[in-house]
Amino acid sequence: MGFLIAILTLLLVGLVVALVSAPLRRAREPRAPIPQDGESGGAPDAPFAPDSRLRDELEAAREAKYREIRDAELDFRTGKLSSEDYRAIDADLRAEAIEILNQLERLRTRDA
Amino acid sequence: MATFGFVCLVLALIVCAYGIGASLYGVRSGRVEFSESGRRSVYALAGILTTAFLVLEIAFLRSDFAFNAVADTSSRTTPALYRAAAVWSSQEGSLLLWAWLMSMWSSLALFLTRKRLRDVAAYATAIMLGFGGFFVALMVFYADPFATTHPVPAEGVGLDPLLRFPTMMIHPPMLYSGYTLCTIPFAFGMGALLARRVDADWIKAIRRFAFAAWLFLGIGILLGALWSYSELGWGGYWGWDAVENASLMPWLTGTAFLHSLMIQEKRGMLKVWNVSLVLATGTLAIMGTFLVRSGILDSIHAFGGHTLGVPFVCLIGAMIVGSIYLVVSRRDMLRTEHRLDSWLSREAAFLGNNVVLVALCFVIFWGTYFPLISEAVTGQEASVGPPWFDRYTVPLALILVLLSGIGPVIAWRRATLANARRNFLVPIGCALATLLALELAGINQKPLALVLFCLAAFVFGSVGQEFFRGTRARRAMAGEAAPLALLALVRRNRRRYGGYIVHIGIAVLFVGVAASSSFQHASQLSLSPGQSTRVGAYTVRYLRPTATITPKYDQAHTGSTLSLGALLYITKNGHHVATLNPSEGYYASEDPSQGTVGSLIGGQPVSHVAMDASLTRNVWTAIDPDIETPALKRIVTVGNSTLPAEDALVGIAYLARAYLKNPPAAQFNLLVSPLVMWIWIGGLIGLGGGLIALWPAPSAVRRRVAARSRERAVRGLARV
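Here the protein sequences come in this chain order: A and B. Using the working numbering, the letters of the first sequence map in sequence onto residues 14 to 125. Using the working numbering, the letters of the second sequence map in sequence onto residues 165 to 884.
Think of the hints as simulated: they come from the structure by calculation, not from any bench. All C-beta atoms, glycine included, are put in the ideal place defined by N, C-alpha and C. Any given hint could be a false lead.
Unchecked claim - Calculated from the model, a selection of chain B residues having no Cβ within reach of chain A, i.e. all distances over 12 Å:
#1 G183
#2 E197
#3 E200
#4 Y207
#5 R240
#6 P317
#7 W366
#8 G593
#9 K610
#10 L614
#11 S696
#12 T703
#13 T743
#14 N745
#15 I791
As the list claims (entries may be wrong) - Residues from chain B shown here face chain A by an in silico Cβ test under 8 Å; the list is partial:
#16 V171
#17 R204
#18 D365
#19 K430
#20 T500
#21 H502
#22 T580
#23 N583
#24 N587
Required output: the full structure, derived from the provided sequences and hints.
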């Protein structure tokens with residue numbers, strides 16, 4: 014029984030060390046081209062860089078804005094918004110969405 | 165294998181310590197490989213704790229009484245299904261369950277965010293591993309689930325009979341899943357503050373986990389209520405017990421967060437409020453675990469001597485101080501991006517809903533913790549009963565139901581009075597029609613229940629109108645048949661319409677609560693065979709006693725040695741309604757001083773409720789037989805002195821026969837409660853709505869919707 018427990022313990026420790034140390038071992042190997050945040054890739058990228066953070070934030074804001082545009086349209090179609098209010102809100106939302114898209118575009122141009 | 169189990173715990177503790185260090189070093193130094201290694205430590209922790217949990221589970225299933233936990237909470241007479249669930253009935257096993265579930269959910273959260281929010285996730289990883297390390301350390305140093313005893317006892321104490329019910333098998337894992345899921349938004353919230361990334365991105369990343377926490381806590385709370393109602397002998401489903409309250413509080417703040425996060429996502433508002441709600445929910449979840457596991461409920465003075473009390477207080481203190489410090493120090497970044505456009509908007513309704521939910525949580529917090537604090541200070545035991553809770557929670561609950569009907573019919577940003585008037589017409593009409601119908605039916609004795617029924621009708625009207633108008637709009641756009649249009653509408657707007665279904669579920673649940681608590685008929689009395697009594701419109705006649713012996717014949721398969729009951733013949737206006745057989749189960753005890761026969765039935769007796777349940781009312785019955793009569797006691801005494809242990813069951817057979825031959829009067833608890841079933845139906849509707857809202861949109865649909873939105877936004881250039 015003691016022998017079995019020793020084997021099991023060694024096996025478990027080996028698996029844990031292999032799993033946890035894999036990124037550290039990979040980092041010591043020659044590096045592949047740096048992937049962008051949001052893409053898969055083996056080598057470390059620059060995930061803590063300000064640009065990467067800004068892109069994440071803008072992409073989240075873009076998705077939220079698209080959802081807001083859809084929600085406003087649904088509110089209008091279900092009679093919760095008058096057409097004047099809807100037109101004003103929709104115009105505001107689209108302007109905000111375009112501003113976000115422009116910022117994203119500028120970021121991409123700079124990255125390129 | 166106990167040694168291997170303990171080795172797993174020590175290894176888990178080392179992994180937690182390493183993972184915290186690696187994650188923090190990685191994010192502070194910008195070396196992503198260390199953060200990645202820290203994230204993998206959480207996966208490793210999940211693997212190690214799964215192994216440890218399996219070791220303990222196998223010990224329970226094999227009835228390996230060398231394990232203290234198995235000997236204390238299981239036995240060979242405990243049915244196999246309940247042996248499997250007995251793991252989490254012990255203090256040590258429940259801590260292992262907590263840590264294991266937390267590691268699994270944390271692994272899932274970190275896997276899903278592996279390519280996003282890497283700085284926030286690195287801090288969150290350290291915090292999750294901190295929680296994991298805390299619970300593993302409790303097991304390593306204070307409550308080892310793998311502790312063994314020598315010599316090995318021949319038999320275990322057995323699972324508490326009160327826990328031998330299917331609902332009680334599922335209830336703890338559900339509740340613990342809810343608690344552990346609450347720590348994920350907490351960890352990401354702290355991570356966002358530490359990384360100074362308080363935009364909507366972290367909210368988006370943890371939204372599903374906050375929803376899952378809410379869902380699991382809700383299921384756990386409902387299962388607990390169902391167990392209380394259908395298994396315990398008092399006939400209630402909620403008693404404002406501290407353990408119940410402990411699970412309700414994070415559910416309430418979680419509900420508030422699920423509403424207010426939409427305002428931050430859409431408008432960049434309420435950042436301080438949202439992050440505070442997330443941190444409060446996580447802290448309340450740990451406080452819930454503390455209440456149950458620290459021994460504080462036995463006595464305020466017991467917890468200091470109890471091994472787990474002080475570590476828990478330190479953890480909660482660290483969570484509160486850390487949360488307050490981070491929110492205050494990051495207050496400039498948490499400044500709102502927009503102001504409220506109008507008080508007549510959905511944002512305003514959500515704000516109202518948040519205030520009510522937090523007020524409810526505060527009342528429950530005060531009622532739960534104040535007696536404990538008071539006892540600690542004055543030394544005198546204090547308690548707050550259901551009337552105190554009802555005084556404050558009932559009005560707040562009424563406002564909450566009203567708001568859940570208002571929210572769906574007003575628009576985001578701003579609504580005009582003319583639109584509001586038109587949109588409220590149907591809901592108000594439904595409420596007034598309900599009031600009129602109830603008045604005509606003469607159901608007007610309980611004003612608060614009457615108000616609740618009208619408000620529930622208001623919610624049904626408002627949500628029903630939303631579904632109708634949405635389907636009509638979809639039909640107009642796509643030309644689909646009504647059922648298809650309805651399905652497409654819900655599928656494309658899962659969060660919105662899933663949420664509306666939850667509102668319906670909650671309103672239905674409240675109707676059940678109001679009706680069953682306000683219009684219940686109850687009777688507690690002693691009856692002999694042949695006697696009758698009236699409960700409301702029903703006549704209950706005690707036909708004859710029943711008795712079954714040995715676990716083999718136990719109808720509920722709970723492992724009782726003896727079960728004594730009664731056949732009750734229920735009629736209404738002379739017509740037979742049901743024949744019910746409530747009983748009381750008697751279980752073996754481990755106390756040898758009770759004698760060979762006495763110890764077979766010397767354990768804690770448990771009531772087996774019998775009821776006739778329908779959509780309109782439940783007839784609920786419980787019995788407390790009298791086995792302390794001189795004749796029955798004499799059988800036990802004679803059996804103890806004459807029968808060896810292997811023949812002791814013969815004594816129980818004599819006792820059962822004597823009970824059937826000359827049944828003494830038994831004490832009955834009889835209830836007729838209207839609409840109780842709707843509490844569970846409301847819960848199921850809410851659960852269905854929650855699943856719809858939680859379910860991810862198919863990726864193809866999501867891509868198509870995103871592409872269409874992008875196209876529309878770009879086309880909008882011309883309009884701007």
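Status of each hint after checking the structure:
The Cβ of B:G183 does not lie farther than 12 Å from every Cβ of chain A; its closest approach is about 8 Å, which violates its non-interface assignment. With a closest Cβ-Cβ approach of about 4 Å to chain A, B:E197 is found to fall inside the 12 Å limit, against its non-interface label. Against chain A, the non-interface label of B:E200 is violated: not every CB pair exceeds 12 Å, the least being about 4 Å. Not every CB of chain A is more than 12 Å from the CB of B:Y207 (nearest about 6 Å), against its label as outside the interface.
Every Cβ of chain A is farther than 12 Å from the Cβ of B:R240; the closest lies at roughly 23 Å, confirming the non-interface assignment. For B:P317, the non-interface assignment is confirmed: its Cβ lies about 20 Å from the closest Cβ of chain A, beyond the 12 Å cut-off. A beta-carbon of chain A comes within 12 Å of the beta-carbon of B:W366; the shortest separation is about 9 Å. With a cut of 12 Å on Cβ distances, B:G593 stays outside the contact zone with chain A, its closest approach being about 16 Å.
Its beta-carbon lying about 34 Å from the closest one in chain A, B:K610 satisfies the requirement of being farther than 12 Å from that chain. Every CB of chain A lies more than 12 Å from the CB of B:L614, the least distance being 29 Å, so the non-interface label holds. Against the 12 Å criterion, B:S696 stays outside the reach of chain A, whose nearest CB is about 57 Å from its own CB. With 12 Å as the threshold on Cβ separation, the claim that B:T703 sits away from chain A holds: the shortest Cβ distance comes to roughly 52 Å.
Consistency note on B:T743: stated as away from chain A, and its beta-carbon is indeed over 12 Å from all of that chain's, at 52 Å minimum. A cut-off of 12 Å between C-beta atoms confirms that B:N745 is not in contact with chain A; the least separation is 49 Å. Distance to chain A confirms B:I791 as a non-interface residue, since its nearest Cβ pair spans about 47 Å, more than 12 Å. The closest approach between the C-beta of B:V171 and any C-beta of chain A is roughly 5 Å, which is under the 8 Å cut-off, so the hint is satisfied.
Interface hint status for B:R204: upheld, as the beta-carbon distance to the closest one in chain A is roughly 5 Å, under 8 Å. Because the beta carbon of B:D365 sits about 4 Å from the nearest beta carbon in chain A, less than 8 Å, this interface hint is met. Contact between B:K430 and chain A, as hinted, is supported at the beta carbon level, the nearest pair being about 5 Å apart and thus within 8 Å. Residue-level restraint check for B:T500 is violated (minimum Cβ-Cβ distance to chain A is 15 Å; threshold 8 Å).
Among the interface hints, the one on B:H502 is violated; its C-beta lies about 10 Å from the nearest C-beta in chain A, farther than the 8 Å criterion. Interface restraint check for B:T580: the shortest CB-CB distance to chain A comes to about 5 Å, inside 8 Å, so the restraint holds. The closest approach between the C-beta of B:N583 and any C-beta of chain A is roughly 6 Å, which is under the 8 Å cut-off, so the hint is satisfied. For B:N587, the interface hint holds, the least distance from its beta-carbon to any beta-carbon of chain A being 6 Å, beneath 8 Å.
Hints 1, 2, 3, 4, 7, 20, 21, counting from the list given before, are not met by this structure.
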